[in-house]
Amino acid sequence: MKRSHRVGAICQILAESPEKIFSLNYFCEKFSAAKSSISEDISAAKEAVKASGYGYIETIAGASGGVRYVSDISDEKAAEVQNNFCNMLKEESRILGGGFLYTSDIMYDPSIVKGMAQIFAKRFRNAGANYIATIETKGIPVAFMTAHLLNLPVIVVRRETKISEGATVSINYFPGSSERLQKMSISKRAAEPGSKALIIDDFMRGGGSIKGIAEILSEVDIQVVGTGVAIANIEPEKKKVSDYFPIVYLGKVDENDKFVEVIPNSQIF
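If you're matching positions, the sequence shown starts at 662 in our numbering and goes up one per residue.
Because the hints were derived from the structure by calculation, they are not lab data. No false leads were mixed into what you were given.
Just the calculated beta-carbon pair ranges, DEER-fashion:
1. 689 <-> 760: 58 to 64 angstroms
2. 926 <-> 820: 25 to 31 angstroms
3. 855 <-> 693: 41 to 47 angstroms
4. 769 <-> 721: 32 to 38 angstroms
5. 824 <-> 745: 40 to 46 angstroms
6. 823 <-> 689: 45 to 51 angstroms
C-beta: ideal position from N, C-alpha, C; glycine also.
Using the sequences and the hints, build the whole thing.
This is how it looks when you write it as structure tokens:
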């Protein structure tokens, strides 16, 4: 295999498994090449990946070391993700009754969700999480994409108990959009007790659902070390959670004038 082909293959292998450490011996055996040649290939791969602006290749020293791909996103590309997201949310056709917006097509589009996940992965990479937690349903795609970039498993909190979950823990909570009591549940096998989790969700109005997720995670001895939401409503100003990181803020939604106010989070990094 030519050197240029090896460099391309190394980039692809590492990018397909973010945060996974590959030893130099792995590439030596795979490409039947000497360590010196693979080291040069990796140096070239580092430059190529760095130039893309979406990540970098990191070298880990020591007996158990090697190389891994780390997801990243430049400030310019993060701003581009935010602006595209804002423009989509401002479309008149998204306005529903009661000041709600239709967002399913956005939240289920892998190309759009990937940009959000890159922002979350960069923000929370050093939070020390062992899991990504979310509640069904629209938060699942961005949670899974973030989990992939951080090489972490996902915990999905259910709105209804499923027999396939085995033994579960359930709580009642008040969502931020109403004061009507609702229920959520989690399998006792979802995570190891004493673990840490990031909460990733698609939307937050008053923070009731996010607070509920944090409470049910604590019931199975899981500590929350960060919270990311794609969209945070500006109102109410006082949320049921205080520490959260949104990609954009949603302001006034005017059904009559067909106007949607969306503001990028200026403190993205």
